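Chemist: Given next are the chains, with one letter for each unit.
2 protein chains.
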Amino acid sequence: MTKSDSFEALTPETLPARLGGLPVLTARLGADPGAWAVREVGDGNLNLVFVVEGPKGSAVVKQALPYVRLVGESWPLPLKRSFFEYHALTRQQARAGKGTVPEIYHFDEAQALIVMEYLTPHVILRRALIDGRKLPRIGRDLGLFAARTLFRGSDLAMTARERKQDLALFADNVELCDITENLVFTDPYFEAELNRHTPGLEPLVAELRADRDLKVEAQRLKHLFAAKAETLLHGDLHTGSIMATEGDTRVIDPEFACYGPMAFDVGMLLANFWMSLFSQAGHEEDNSREPMRAYLLATVTEIWAVFRAEFSALWRSERNGMLYARSVFEERGDALGAEQALDRVLHELWDDLLGFAGVEIHRRILGLAHNADFETIADEGLRAKCEAPALRFGRHLAVNRHRIHSIEEVNALAARIDREARA
Amino acid sequence: MTKSDSFEALTPETLPARLGGLPVLTARLGADPGAWAVREVGDGNLNLVFVVEGPKGSAVVKQALPYVRLVGESWPLPLKRSFFEYHALTRQQARAGKGTVPEIYHFDEAQALIVMEYLTPHVILRRALIDGRKLPRIGRDLGLFAARTLFRGSDLAMTARERKQDLALFADNVELCDITENLVFTDPYFEAELNRHTPGLEPLVAELRADRDLKVEAQRLKHLFAAKAETLLHGDLHTGSIMATEGDTRVIDPEFACYGPMAFDVGMLLANFWMSLFSQAGHEEDNSREPMRAYLLATVTEIWAVFRAEFSALWRSERNGMLYARSVFEERGDALGAEQALDRVLHELWDDLLGFAGVEIHRRILGLAHNADFETIADEGLRAKCEAPALRFGRHLAVNRHRIHSIEEVNALAARIDREARA
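First to last, the protein sequences are chains R and X. Going by this note's numbering, the first sequence opens with residue 152, and the numbers climb by one from there. Going by this note's numbering, the second sequence opens with residue 152, and the numbers climb by one from there.
Calculated directly from the structure, the hints in this document are not laboratory data. Quick caveat: nothing in here was measured; it's all calculated off a predicted structure. Careful, some of the hints might be misleading.
[As the list claims (entries may be wrong)] Rough simulated footprint, nothing fancy, chain R against chain X, three-plus residues with beta-carbon under 8 Å:
id : region
1  : 308-318
2  : 330-338
3  : 371-380
4  : 468-480
5  : 486-492
[Stated by the list, open to error] Partner residues aside, some chain X positions facing chain R, computed with beta carbon under 10 Å:
id : residue
6  : 305
7  : 323
8  : 342
9  : 345
10 : 361
11 : 364
12 : 495
Where is the CB? At the ideal position from N, CA and C, for every residue including glycine.
Let the sequences and hints guide you as you build the complete structure.
Modeler: In structure tokens, the structure reads:
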């Protein structure tokens with residue numbers, strides 16, 4: 152492995168020579184780098200991703216580039232995001248358990264590369280949902296992952312010193328945070344240069360950008376995201392950041408990790424299932440996707456139910472941080488006081504996650520980074536017909552988030568809006 | 152001046168020899184340190200404070216001790232608080248203007264000492280209020296100070312990178328933050344070892360510590376304080392941290408500075424005026440303090456009115472940070488959208504400041520750090536009679552903060568509770 156401090160992007164041709172001396176790789180793949188097969192598989196917006204296979208086994212090498220891959224060298228982006236991804240992965244594994252993220256074999260800060268487990272036969276969850284595949288474990292696995300990482304990364308569980316040190320560490324992830332702050336919360340709501348949307352949506356886009364209540368709420372959500380340093384977020388927890396099989400679920404790509412409100416990760420996650428719902432009409436033949444729609448709504452319900460149950464269990468068993476101290480509740484015989492506080496925390500989280508879900512839907516249809524659920528619908532007319540009800544649904548969530556009572560109510564609304572758009 | 156890195160506490164005897172080589176001091180006081188008169192005047196809970204006077208002028212030397220002065224060496228406290236105080240003072244001066252804090256002449260990190268302007272004939276505002284003095288400028292000056300420091304230290308005004316760097320810097324002020332987190336929000340609500348209260352209050356104290364809604368709200372406020380890293384707070388903005396004359400107001404002692412919610416500083420500040428109101432009965436003869444009570448309530452009204460007006464003016468003229476971007480409001484001809492957002496921000500700030508005011512009142516009567524307004528009432532029966540209505544008032548604010556409409560309503564309630572307690 153190169154010991155040089157000066158960054159150099161890997162290629163499939165140079166990778167064996169450059170990483171061939173790395174014991175964690177030779178032990179796993181086989182001692183002769185000449186026998187390794189390397190292919191670049193990165194389909195994301197930012198980085199290089201190599202799958203390396205040798206006689207004995209396989210690994211993934213993910214390397215950051217000093218710019219946004221999707222845009223090019225005109226948009227520089229610090230290599231340090233690899234550092235934050237590495238530190239987020241180690242924390243997520245510690246908090247959610249081994250087997251919830253890829254196993255990390257090696258991190259090289261100067262080369263901004265992480266060597267990790269090659270997940271196979273896993274597929275990107277978003278791809279599976281587009282294909283109409285129903286993966287049975289994701290609702291439960293993702294509900295647990297969110298509850299455990301968000302609870303255990305907060306002042307509910309950590310010591311104040313430890314959390315503040317982590318807050319300071321991740322506060323330096325400025326450029327990636329800035330992408331979220333601007334691309335999610337601001338750009339979709341005016342004619343920003345990087346925006347694009349499917350032709351045909353113009354009247355609705357104009358309506359949304361003239362919608363004062365929506366704009367104010369989006370900016371309040373940005374304020375919440377930027378100011379509420381409550382826990383270490385994944386920061387980009389959508390269905391493209393999840394790899395799954397029938398029996399396994401892994402969360403990947405936390406380079407957007409930062410301290411923020413718990414509701415952000417949960418809201419973004421649910422939003423991507425709702426978008427999948429609205430996109431199904433673009434992928435179906437003869438109403439073939441009705442069971443898929445039911446599966447998606449059931450998965451949303453399950454994620455939120457499992458999240459609440461696990462968060463509540465952790466509240467009762469691991470609430471050892473400085474917040475909601477046992478000394479004023481349980482230790483004074485007032486366990487019900489702690490339950491009342493839990494209700495308030497979950498209620499606020501619910502209100503906020505609906506808002507974050509709403510803006511996530513908007514930015515995926517109106518902003519720079521669209522998602523494949525809609526993008527793979529080749530017929531633009533059909534795509535716009537799927538996206539329009541999603542936009543209206545997102546607006547409803549963002550603006551009415553304090554007046555929505557249950558996940559069943561939201562799902563029923565999504566199903567109705569979707570059905571009416573297809574009628 | 153000593154160049155040694157090892158900390159050594161100053162004494163009036165050693166100060167001239169140790170600081171006599173400091174050009175900023177000799178230039179101000181006179182070249183011969185032997186002609187300096189030094190007295191230690193620290194009456195706070197934490198530090199040493201020396202007034203140094205020479206033939207040409209004067210200065211103050213404030214030095215941190217490696218423990219809490221009020222408690223002793225059994226409670227260690229890092230010298231680094233002096234570093235945070237220094238950096239907070241420089242930011243406050245930049246944001247609120249020269250003449251709002253003491254001018255800084257010199258900072259020595261290793262010796263944890265700050266050499267600054269000796270404010271004379273200023274008095275500690277709390278002392279003036281106890282004495283029944285009505286200082287005419289404080290309402291306006293403090294409203295402006297709070298609005299300018301809180302607005303300009305947030306994502307409303309700063310660049311994201313600059314604010315996140317400052318957030319990381321002050322995140323290290325763990326021990327001082329910990330004092331606020333525990334002494335303000337938790338200890339008063341159970342039988343913590345360091346608590347004390349005036350004899351006679353026992354039944355009311357028991358009632359408050361059994362009050363589930365109050366305890367839940369206090370913990371929610373702690374959650375807000377710990378998680379909402381919105382702006383650089385003074386962190387201890389009470390009437391003992393303000394020095395004033397008829398014509399000048401200075402804010403001192405920001406060693407508790409940390410990132411937190413804007414409402415915290417404002418709430419603590421107003422709480423200390425309301426406590427002064429409730430304490431007046433302990434200092435008056437023959438209803439002589441009626442005009443003082445009117446002055447205190449008018450000052451509360453003025454602080455909040457000036458704060459809102461200045462905050463609103465800055466919102467319109469200096470909102471150049473990433474929040475509530477002009478690109479989605481003014482630049483689309485939607486100035487009213489920005490006003491709607493301002494209303495929402497001020498409304499939330501209002502709800503939260505009432506809560507912080509409530510717990511501040513409680514901790515000053517039930518916790519470790521009491522205040523002189525009540526403590527100087529020698530007659531314990533009379534003191535308890537002043538403190539009891541203050542406790543009830545604090546409970547009302549904390550629990551009902553989302554259902555209180557105006558500062559006039561709060562002041563009328565305070566006046567009524569106070570009057571009835573004296574009847």
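Chemist: State for each hint whether it applies.
Modeler: A quick look at each hint next to the structure:
With 5 residues having a Cβ less than 8 Å from any Cβ of chain R, the region 308-318 of chain X passes the three-residue criterion, so the hint holds. Counting residues of the region 330-338 of chain X whose CB lies closer than 8 Å to any CB of chain R gives 3, which reaches the minimum of 3, so the coverage claim holds. By the rule of at least three residues with a Cβ nearer than 8 Å to a Cβ of chain R, the coverage given for the region 371-380 of chain X holds, with 7 such residues. With a cut-off of 8 Å between beta carbons, the region 468-480 of chain X has 7 residues touching chain R; three or more are needed, and the interface restraint holds.
Under a criterion of three residues with beta carbons nearer than 8 Å to beta carbons of chain R, the stated coverage of the region 486-492 of chain X is upheld, 4 such residues being counted. Interface hint status for residue 305 of chain X: upheld, as the beta-carbon distance to the closest one in chain R is roughly 8 Å, under 10 Å. At its closest, the beta carbon of residue 323 of chain X sits 7 Å from a beta carbon of chain R; the interface hint therefore holds under the 10 Å criterion. Annotation: interface hint on residue 342 of chain X holds; nearest CB of chain R at approximately 9 Å, less than 10 Å.
Against a cut-off of 10 Å between C-beta atoms, the interface hint on residue 345 of chain X is violated, since the closest Cβ of chain R lies about 13 Å away. Contact between residue 361 of chain X and chain R, as hinted, is supported at the beta carbon level, the nearest pair being about 8 Å apart and thus within 10 Å. Look at residue 364 of chain X: its Cβ gets to within about 8 Å of chain R, closer than 10 Å, so that hint holds up. Interface hint at residue 495 of chain X: satisfied, since its Cβ lies 6 Å from the closest Cβ of chain R, which is below the 10 Å cut-off.
Violated hint: 9 only; the structure is consistent with all others.
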